[in-house]
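So the protein sequences, as listed, match chains D and P. Start counting the first sequence at 682; every next residue gets the next number (my numbering). Start counting the second sequence at 682; every next residue gets the next number (my numbering).
If you are wondering where the hints come from, they were derived from the structure by calculation, not from laboratory data. Any given hint could turn out to be false.
Note that the list lumps identical chains together, so a pair holds whenever it fits in one copy or between two copies.
Said to hold, decoys possible - With a cut-off of at most 20 Å between alpha-carbon atoms, the simulated EDC-like pairs for lysine to aspartate or glutamate come out as follows:
| no. | residue 1 | residue 2 |
| --- | --- | --- |
| 1 | LYS1352 | GLU1208 |
| 2 | LYS1080 | GLU1248 |
| 3 | LYS1080 | GLU1163 |
| 4 | LYS1352 | GLU903 |
| 5 | LYS1278 | GLU1163 |
| 6 | LYS896 | GLU1256 |
| 7 | LYS741 | GLU853 |
| 8 | LYS896 | GLU1065 |
| 9 | LYS896 | GLU1355 |
| 10 | LYS1358 | GLU1348 |
| 11 | LYS1278 | GLU1036 |
| 12 | LYS1358 | GLU898 |
| 13 | LYS741 | GLU1270 |
| 14 | LYS1271 | ASP730 |
| 15 | LYS1341 | GLU1262 |
| 16 | LYS1271 | GLU1355 |
| 17 | LYS1264 | GLU723 |
| 18 | LYS984 | GLU1340 |
| 19 | LYS1337 | GLU1355 |
| 20 | LYS810 | GLU853 |
| 21 | LYS1278 | GLU1268 |
| 22 | LYS810 | GLU1262 |
Number of protein chains: 2
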Amino acid sequence: MEFLNTYLIYLIPVFGLIGVLFMVIKSAWVTKQPTGDESMTELAGYIADGAMAFLRAEWKVLGYFVAVAGVLLAWSGTTVATSSPVIAISFIIGAFLSAFAGYLGMRIATKSNVRTTQAAKTSLAQALKVSFTGGTVMGLGVAGLAIIGLGSLFIVFYTMYVVNTGGNVNGEAMAKALDVLAGFSLGAESIALFARVGGGIYTKAADVGADLVGKVEAGIPEDDVRNPATIADNVGDNVGDVAGMGADLFGSYVATMLATMVLGREIVSHDNMGGIAPVLLPMVIAGLGLIFSIVGAALVRIKNETDSVQNALNMGNWASIVLTAIATYFVVQWMLPNDAMHLTRDLDANGVIKEGSLVFTKNGVFGSILVGLVVGTLMSIITEYYTAMGKRPVLSIIKQSSTGHATNIIGGLAIGMESTVLPILVLASGIYGSYYFAGLYGVAIAAAGMMATTAMQLAIDAFGPIADNAGGIAEMSQLPPEVRHRTDNLDAVGNTTAATGKGFAIASAALTSLALFAAFVGVAGIEHIDIYKANVLAGLFVGGMIPFIFSALCISAVGRAAMAMVEEVRRQFREIPGIMEYKARPEYEKCVEISTKASIREMVAPGLIALITPIVIGFAFGPEVLGGLLAGVTVSGVLMGIFQSNAGGAWDNAKKSFEKGVEINGEMFYKKSEPHKASVTGDTVGDPFKDTSGPSMNILIKLMSIVSLVIAPHLNSEVNHSQRLQNELKLRSMHTQTIHVDKKV
Amino acid sequence: MEFLNTYLIYLIPVFGLIGVLFMVIKSAWVTKQPTGDESMTELAGYIADGAMAFLRAEWKVLGYFVAVAGVLLAWSGTTVATSSPVIAISFIIGAFLSAFAGYLGMRIATKSNVRTTQAAKTSLAQALKVSFTGGTVMGLGVAGLAIIGLGSLFIVFYTMYVVNTGGNVNGEAMAKALDVLAGFSLGAESIALFARVGGGIYTKAADVGADLVGKVEAGIPEDDVRNPATIADNVGDNVGDVAGMGADLFGSYVATMLATMVLGREIVSHDNMGGIAPVLLPMVIAGLGLIFSIVGAALVRIKNETDSVQNALNMGNWASIVLTAIATYFVVQWMLPNDAMHLTRDLDANGVIKEGSLVFTKNGVFGSILVGLVVGTLMSIITEYYTAMGKRPVLSIIKQSSTGHATNIIGGLAIGMESTVLPILVLASGIYGSYYFAGLYGVAIAAAGMMATTAMQLAIDAFGPIADNAGGIAEMSQLPPEVRHRTDNLDAVGNTTAATGKGFAIASAALTSLALFAAFVGVAGIEHIDIYKANVLAGLFVGGMIPFIFSALCISAVGRAAMAMVEEVRRQFREIPGIMEYKARPEYEKCVEISTKASIREMVAPGLIALITPIVIGFAFGPEVLGGLLAGVTVSGVLMGIFQSNAGGAWDNAKKSFEKGVEINGEMFYKKSEPHKASVTGDTVGDPFKDTSGPSMNILIKLMSIVSLVIAPHLNSEVNHSQRLQNELKLRSMHTQTIHVDKKV
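Extracted from the complex, chain D is given alone in its bound form:
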């Protein structure tokens, strides 16, 4: 135990290494699986090439961005004592690992898809095994790399700035170590934003473009090999749902740990780890979650064709969550002190805690973690209710499809807006509850608890698009119907897990942002964010508006890119004779190129808004106004995220319900009926909602919080402080003379 106390800090990256080790083993297993016939391999090759083409194009742009931002960060690191130019290195590593995690995920996904198709020739059980193992590789890779990166860098910076200088673990020295570490999170989240937005635009431009010309104009089915945009469409599933989601969760995972660590620095803890147990705890919990995700993943299997795939996934998911919760209880008991903990700022000059200060115990911390687990679970359940087939929300949209396109849209918008109520109440209660148990550290550690099993969550999320791709390959290769039937079974489950995964991602982003927000306030050296002040309130308004313009940009980007795709597909049908008779191969790569270029071009504007706004507001108006801005962005972003994701999900499943036939006022309606056409309109509107702008809200709110956290020491520096004070005095008082007044009236 003594040994563990001393060397726990070095154990953290080892958890990550174990994850990566298992990833390599599972990846090798997937690669060994048979790839099927030549046609399948060829098609899978196109998809893999297209995905890599996108990644390369994205990396080129991001390379410039990372270089410029790195230089700026290095320079800014020299200007204040509590930062360092080393932050640039930290930033570059974060950016690199995030991009690398996306690459690993995409590579395994583009390998697993065709192997899943091949496995589906034999049995459902084998198809599940291949596709889910592919997902697991992604999950373990993301979580493993995150823990290795954050854990190792923490060891380095802690040694450099705290141990070697003999600095105080609650003081400036540790603040510097964590500020430099924040660069890692900034790098990860920046890449995530571009990956999510770019990927989201890519996948929907290709999807809408392929559908509008292929299905509607040319009358060929989905995933038909004659459609020039079909490869781009399948590439889109990988770059949007796999790489985008992976980068998103990599960012959340890192940001949550970091925010908790920053808040943990302020806690005076008489523990056996030199007082840094509250700082280490989130990383240890993440490590445990990674290990138990490996255990949970092993439980995901079925034996017979009729076994429930959903139950198998639930089994693995629940096992990893419950095991992590139990292990966390013992770890908290061991690591945290028996004395109550409190914040450094709550001590007066005599070392006595001020009256009314916040004090909390190790059991309180565990209580907060449980709150986080409950919030994550409830959010997933609510999201599923609002987007699942056969439940009231989707049924109401189906009914409103019977009176036309407009009423279908009105119904979906109303459901999306309504669906914000329960998640917000859960989230507000979660904030209230986790704060009750352990203050703002409690809010952060709740998020960390929720994110602990990220590896498992991501495995379940990534499994969906792999199965979807497998179905696409089966269709394009004209395989027998039972193959498609098996991949459809997996795909249907994948749709549900995609919905619940989105609920989980939004909840985690919201709690992470709040944790970052709290960390920002501490580092910026302000006491309050008082919206009774006019300038802070103005910041709140501007912040609330950002998710609206961000969504508008994403949505209209999809519209423009889809238009370009439509024109290219029309051109190919017109200019390349023999496509429709399978005599000529369409120029898939042209469509891939259009989607790639459009998405890279269109991701820049929203990305820059997220990065630059906090910097401008922070330096022009000071940290408190920036705090108002962040609160506005977070509240409005969470609402818009839930609204758009759920409306999109509900429209999608309303449309899918027509495939099996639906009953409206006693009459049965199927595909190609008028109500079905109305439901297709809703689904198309919902596409950019649920796959581009909706999920981007998560990264928007996290990235703006991290940027603020990174610039916080600069806003707190003495020079800026006095200047801001002057500005504020100027603002508050046009006549600074003191006037003596009689109290007569």
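Fit chain P to the given chain D structure using the hints.
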């Protein structure tokens, strides 16, 4: 001057009386105008009867509500020293006057419509004169009653609680007078909410119902006398756009003055009016605005058929704004002291102003008023840009109509979201600027300045639906085309003024809410609203969600009511033979009844959310959390209001553009083309957006702020305070023992 100083307070209701006097004169003039032939009179009679039927049904429900709320208010008034049971009387008068103003407006509108049709037989100039005079009657009635009511009640309560008790005009005595006066505003705003929501549901249910069966299924034109729902449709214009808008602006007008007065109490002012000049100022400015609205209205006239109606309206509008601004300058110079003013709370025990306190001058106050005028003007211009034909936003929607229903919807949603950017920046700058000039009193007086010419704004707003109705009557009575041509000319201008009026209404609601918010903080006795506290942040989240569920309820209510209307119209066509051959009269009153019942039923749930939420949150979690809730509601409500109103307006004008033909990629498209059909879908989706949920946001945010202001003294009372303190301590600290800690690490 001496005389004026003393009796100014009594002059305020006289301004109102002058307004009402002019209203009576102008109303008599309208009534004297010829009503046209028997058929026209009969149809106008149906519309007037239908409108009255709605009002009577609404009044019945509201009667119960006012009785119950009045009893509760009277009881609550007995429980704290700074309130009184008299608040119930104040509340009932406010509710009555608001309902009465709506009644007056509706009566004159249902008289002016047919007389405008008749006038349109002679000339455009005469038609404008009749319809605009009708609008002026409404505007003068609303503003006049508001000033009479608020001014007289202030005299009564000021005399009762301050003069007769020898109380301090900056102290508890004045606080009590203003708290009781707040009941008036609460009454007005409660009625406004139900009128706006009920009217909004009514008008869109009738509109959608009439269109879906009449135009689409039966193939008869709009406003055809054979359509059973056509009368309900025309009634809807009156109950939604006239009575709803009137009650909305009545509420804003009163609430703005009240909020400024509450903030004015805290100002120590050495003026010649016993220190109450800052309290009287907003009412005096409103009085001036009313007088100059009468002057401006006299300038609205044209001579020839080809004269621009829009220019005539602009002329009158600008004249009233500029004259009011000039007069306000002199009034501010006269009323306010030459010394700098400051807040009571900024004095220390020795009567010396604390360092860093806010002080401001009379010129600062005038500066804030100018900021308010600029904000109102810019908001109108921006709204017009985003919803006008021929501008980039509407053109982009037209272009996206060429690829179908879905892209039209996506385009409109993106435009609506984008359209929040400039208004929010203007609003944030306005908050910042008006605060810079005169603190929070400056924010409130900016709103008061903006609202000063409400009479003129409302005259312009109400003129639109009157012209619309006149066109309807012309169509139903099968009058010659030049009559319809003239009313169409007026109607087109009315559409533009409706859009700019909405921009103005949102801006005024936002500033009013902020003023009320500031007043609430003062009365509730809290110093900050610190969103760094977890419970306040949770309140912010819940508040942000309310506009979403409110919108969802409004939108789906329209859907349900329209469904009921569709079924009734289908039934009449089926069961009453001879309707289509003009041989049998449809049962108009059945459709009127359906719209009436549905709207009354559906307005209850959203109304109760707005009324009850602040009470529950305030008493359960205290004033600071309630402050967070209000900030969330205001930010999210303003955003959702702008988004929905502008998206709806842009869709509407995209559809209207097809009437004259539009060019998309070099090809001309007209009515009945495929792109036009897509644009009709957008227009139908936009209907509840722009006429039900969008404008309701204004009242939602104002009403929740007023409810909070009224309950603020209760949240501030000693008993509650100590109880909340205990709760807070419990929350902040699970272990209240003070622990001594060594500062070792």
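Which numbered conditions among the earlier hints are violated in the structure presented, ordered from lowest to highest? 1, 3, 5, 7, 8, 11, 15, 16, 18, 20, 22
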